[in-house]
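Model the placement of chain B on the given structure of chain A, informed by the hints.
2 protein chains.
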Amino acid sequence: MTPEQHLAEVLASYDDSPNDRLAEITRSLVRHLHSFVTEVGLTREEWFRGIEELKRAGQLCTDERQEFVLLSDTLGVSMLVEMINHGDAGGTEPTVFGPFHLEGAPRKEMGESIIVDVMDTDQNLVVTGSVLDLDGNPIEGAELDVWETASNGFYDVQDENQSEMNMRGIFTTGADGRYEIHAVRPIDYTIPDDGPGGDLLFNNGRHNWRPAHFHFVVSAPGYRSVITHLFDSESNYIDSDAVFGVRDSLVVDMASGTCDFDFVLAPEAAAQP
Amino acid sequence: MTPEQHLAEVLASYDDSPNDRLAEITRSLVRHLHSFVTEVGLTREEWFRGIEELKRAGQLCTDERQEFVLLSDTLGVSMLVEMINHGDAGGTEPTVFGPFHLEGAPRKEMGESIIVDVMDTDQNLVVTGSVLDLDGNPIEGAELDVWETASNGFYDVQDENQSEMNMRGIFTTGADGRYEIHAVRPIDYTIPDDGPGGDLLFNNGRHNWRPAHFHFVVSAPGYRSVITHLFDSESNYIDSDAVFGVRDSLVVDMASGTCDFDFVLAPEAAAQP
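Protein sequences, first through last, are from chains A and B.
Note that my numbering numbers the first sequence so that position 79 is 79, with each residue one more than the last.
To get my numbering, take the position in the second sequence, counting from 1, and add 1000.
Next comes chain A alone, as it looks inside the complex (with noise of 0.2 Å):
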């Protein structure tokens, strides 16, 4: 039996699935895993290695942790995902979404502070813009969900010593469609290093730094949603993003101690597949 044969009878297996996407999903997963271990010509001692770096990356997975979206993030699968759900309606560019959002962030009074708990290193920073329409109208009642690491480079879930919500919250745009949010500059972090995810970085040479930013859902009624960043143009790590995120349209410069940037919602019609 040849490689084809067999992939061809491995196929055959989900003709009679009662789930038509599960099928389509799972037939087009066995193609290309197939495709793969062919075309590398995977020996078992690297089958192997894979499957049990596969188990320890779930054993360190827990509530607050997540080796998937690490290794699914390093290998620009999380982008991906990211710029085909949100197509190209136009608008903001997106990026990725990242596993350190909280629902139930703070509702902020426009020009409020995230800034719960003041630290040495603070470099406060002024974010300023509006919210517009693809016409360049501003948009009444869009919501700004913003979320950074404090100044010692982490995130409040990550780091004890910080107020639950520091360096969160949610504003909402008035008729002028202005948005003023006080926070502090971002600085460049690493992603955790200490799992599957960090070795084949580390082994393929690679480094596990993000470049300073901030993550920004921005939505309104009738709009389409966009998860993206506003990223420090002085960062160190600008053109080797770990998660590859970074789009040129979404670089600002921070250095002044304020910034400006406007956000562009495509209206949700056009967001359909």
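What the hints contain is simulated information worked out from the structure, not anything from laboratory work.
Please read these numbers as outputs of a predicted model, since none were measured by experiment.
One thing to keep in mind: the hints can contain errors.
As the list claims (entries may be wrong) - Covered stretches of chain B, as calculated for chain A (at least 3 residues, CB under 8 Å):
id: 1; stretch: 1069–1080
id: 2; stretch: 1132–1145
id: 3; stretch: 1159–1171
id: 4; stretch: 1203–1210
id: 5; stretch: 1213–1220
For glycine and all other residues, C-beta sits at the position ideal for the given N, C-alpha and C.
Below, chain B without anything else, positioned relative to chain A:
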């Protein structure tokens, strides 16, 4: 940025890898993962479900259970790895190794039984044959490492009521290349179904049965080892093995209480890729 440009950026991050083989494997994995995601238009929700299933698989793993092997088996990947590694040197066809082999099985005299624990349901079977080279000459000093489930469908390692090394043995051929093993007729059995591997089978309308079989690893100095099975031609699942291991050349008639099968080993030199 298009998905193609994104892929190029991810692939380029492995250009300076100090580990050529790892970089080759990683690049191929990246290409196929990205192609899979794009081909099926994977949604964010589907991506996250996959991520969570991988976590669940990892957390189910123990010293006795490897859910990723099960997934690899049921997607036909394990069989493909075995086919590629065995190559087309000739001789007996290979099939999957499976997770139930133990090192250090007891060495047996030719004609000895591998039954340690006699069961009410035992249907005795004598397996005989020769180990031959590609020209049909007997191979002296060939080792046959054989294992099977007891008549209750469980391997010793799965069943606390069985003695260690029940239904296992290593037999060595003499100058005539002949072997004779006293055993029980194997029965159909199910692979574990209480994890992501089972869910992926059942949600796609597949079953989790393996057709009745013996496991064999046959090896001899100067010859390429073969990892294989002998299947019972009367099994209900001979045409739908959950792990795609059946090969016509490995199916034998076990109904009479005896069966005969010649193993054929290719020379070591032909084994090199």
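Hint by hint, here is what the structure shows:
1. A count of 8 residues in the stretch 1069–1080 of chain B with a Cβ less than 8 Å from any Cβ of chain A is obtained; the coverage claim is therefore met, three being the minimum.
2. Under a criterion of three residues with beta carbons nearer than 8 Å to beta carbons of chain A, the stated coverage of the stretch 1132–1145 of chain B fails, only 0 such residues being counted.
3. With 0 residues bearing a CB less than 8 Å from a CB of chain A, the stretch 1159–1171 of chain B misses the requirement of three and the coverage assertion fails.
4. Here's how the stretch 1203–1210 of chain B fares: 4 of its residues keep a CB closer than 8 Å to some CB of chain A, so the rule of at least three is met and the hint holds.
5. Judged by the Cβ-Cβ criterion of 8 Å, the stretch 1213–1220 of chain B is not covered by chain A as claimed, because only 0 of its residues qualify and three are needed.
Checked against the numbered hints listed earlier, the structure breaks hints 2, 3, 5; every other hint is satisfied.
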